[in-house]
Amino acid sequence: MASFDQYSTKYKSIHMERRNGILQMTFHTDDGPLNWGGVPHTEFSQVFVDVGSDPENRIIIMTGTGDIFSGPPGDCDRRSKTHTQRRGPDLLGR
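Numbering-wise (our numbering), the sequence shown opens with residue 148 and increments by one.
Mixed in with the good hints, there may be bad ones.
[Claimed, not checked] Label-pair ranges, simulated between beta-carbon atoms:
1) A149 <-> T210: 26 to 34 Å
2) D177 <-> M148: 16 to 24 Å
3) S200 <-> E164: 26 to 34 Å
4) V196 <-> G168: 32 to 40 Å
5) P202 <-> D177: 30 to 38 Å
6) I208 <-> K159: 30 to 38 Å
7) S150 <-> D214: 32 to 40 Å
These aren't lab readings, by the way, just hints derived from the structure by calculation.
In this text, all values refer to a predicted model and were calculated from it rather than measured experimentally.
Where a beta carbon is used, it is the ideal one built from N, C-alpha and C, also for glycine.
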């Protein structure tokens, strides 16, 4: 079981704050709109394990930074995409 203090600053592309059991996750790239790439894909596969194992989270709000929720694709090398695709079914319990 993860605690908020353990995971809240662990992710480069996700800012988190929690008040009264309400967790807000703000997706970003360098404090601007999120650019999809290897880092966000890898982090997203891990963050929901952390967030989901913390019983203090009652509601989760997911939002973005800037004028759009999620920006254009960022730099993504083939290795990170393949790694994410390979781990996806395991994380979903298939």
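#### Entry: Outcome of range test on Cβ distance (S150, D214; 32 to 40 Å)
With Cβ atoms ~33 Å apart, the hint holds.
### Range hint compliance [Cβ, P202 to D177, 30 to 38 Å]
Holds, since P202 and D177 (Cβ atoms, about 32 Å apart) stay within the stated range.
### Query
Lying within 16 to 24 Å: is that true of the beta-carbon distance D177 to M148?
31 Å, violated
#### Entry: Status of the given 26 to 34 Å range, CB of E164 versus CB of S200
Taking Cβ atoms as reference, S200 and E164 lie about 18 Å apart, which means the hint is violated.
### Message
Against the range 30 to 38 Å, how does the distance between the Cβ atoms of I208 and K159 compare: consistent or not?
### Response
Hint violated: Cβ distance 20 Å, outside 30 to 38 Å.
### Query
Okay, A149 versus T210 on CB: inside 26 to 34 Å?
Violated, since A149 and T210 (Cβ atoms, about 21 Å apart) do not stay within the stated range.
### Query
Is 32 to 40 Å a correct range for the gap between the Cβ atoms of V196 and G168?
19 Å, violated
Taken one by one, the earlier hints fail for this structure at numbers 1, 2, 3, 4 and 6, listed in ascending order.
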